[in-house]
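Residue numbers (full-length UniProt numbering): 1 to 408.
Some hints could be false.
Subject to a maximum C-alpha distance of 25 Å in a straight line, what follows is the list of computed BS3-like cross-link-like pairs (lysine-lysine) [stated by the list, open to error]:
# : residue 1 : residue 2
1 : Lys-281   : Lys-238
2 : Lys-182   : Lys-136
3 : Lys-43    : Lys-261
4 : Lys-261   : Lys-250
5 : Lys-111   : Lys-40
6 : Lys-390   : Lys-182
What the hints contain is simulated information worked out from the structure, not anything from laboratory work.
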Amino acid sequence: MKKTLYYKILGGLGIGSAAYYPIKISNTDFYYQKTEENEKILKLCSQHLNKYMPSLHLLPHGAFQVVWNLIAAKDRHYKIQYQRDVLTMSDGGSISVDWAYPSDEDLQDQKETKICMIFPGLSGDSNIGYVKCLVKHLTQEKGYIVGIFHNRGIDTEYTSPHFADISSSEEMDVALKHMIKKFSDKPNPRYVGVGMSMGANLMLKIAGEQEDRFPLEAMVSLNNPFDIWLAINLMRGKPYEKFLAIELRKNTLIKEGVSDKEREIFKEMQQKYNLDYERLKTVDSWRDFDAHFTLKVHPQFKSVAQYYYAASCFNVIQGIKKPTLVIHSKDDPIIPIECLPLEDCIANEKLIMGIVRKGGHVCYFQGFKGQKRWYPQVSSEYLEAVLSLKNESQHESQGLSFNRRVAI
1 MKKTLYYKIL GGLGIGSAAY YPIKISNTDF YYQKTEENEK ILKLCSQHLN KYMPSLHLLP
61 HGAFQVVWNL IAAKDRHYKI QYQRDVLTMS DGGSISVDWA YPSDEDLQDQ KETKICMIFP
121 GLSGDSNIGY VKCLVKHLTQ EKGYIVGIFH NRGIDTEYTS PHFADISSSE EMDVALKHMI
181 KKFSDKPNPR YVGVGMSMGA NLMLKIAGEQ EDRFPLEAMV SLNNPFDIWL AINLMRGKPY
241 EKFLAIELRK NTLIKEGVSD KEREIFKEMQ QKYNLDYERL KTVDSWRDFD AHFTLKVHPQ
301 FKSVAQYYYA ASCFNVIQGI KKPTLVIHSK DDPIIPIECL PLEDCIANEK LIMGIVRKGG
361 HVCYFQGFKG QKRWYPQVSS EYLEAVLSLK NESQHESQGL SFNRRVAI
């Protein structure tokens, strides 16, 4: 009797969830200027962009997706073959780009070469699951050449006593110029980008700074903090703060497996910036990290607020001149939805905001088992929509020019 009642209740809940789920959970809310270009782009993105249905067992809170991402997501085990380019900065420091190529030559359109630069999160690299799932999709299913940008110290050996400065776009500029030079001999190269979390902030920052000179034709921004100082303050005292502080220190003086040469660089860093190495080992909050590290290695800033303000892309949103899709989740436990400067984004006609109810922080798991992510398909769908519209516009312009010549 009790068992029968249990199954009836469970069945009722299942039917109720099935009815509620596609209506209330899967819709994407869009915010944008209703220009002809934006309407055409969204029409071409109808297959995936508005059809996110998160895995049921991860619905209760965005933290569920984040934990699942860390302990259960299988994409971290994907095998991707990379070829690395190490680039030397003017001060002798190093950054790197890992390249992945289509495994099937038939996937590549001989008329054009699609190249995507990925900018991972705070300490993310080419071997992290949320990056590899996108790399696999773009290279193996869409025929893209994909590069993954690594800033100083991120899976890249330190070769100068100069730490990464996220208020500067110099490293990203060097990487993008290298990409353009590297593939200049490919047939009709088309350059696009996807940024994730802090990487999205840095991507939109340099795009806003360079305006029309920015080389990427289209971008996708995932869970971008926009206002880093606001994001940090909203994170104060939460479990993720300690986790991110540990990630930060792991990429400063606490790196594992360093070479003798890099160890000497670290000693030079300690002396140059007067760093308390032992104290840095125990840092477990962003505030402590800022006090014992950030202000010391970036002495040109009078406060951490000034530093993070200078590093935030919300200052230059109106300078972004290339079509950009901004994806965010209302249940992001690391970068709350309050960080999204909605009105400023809408004021720029090149930006389309897509906000979903459930998705965590750069997670967006879907399917019964929660082993597939939504954003790889959404990213390629948007990027290809922009590129195809640009091709269409160029063909129309060429046709109009031809007709004028004939008339003359």
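Flag every earlier hint the structure violates by its number, smallest first. 3
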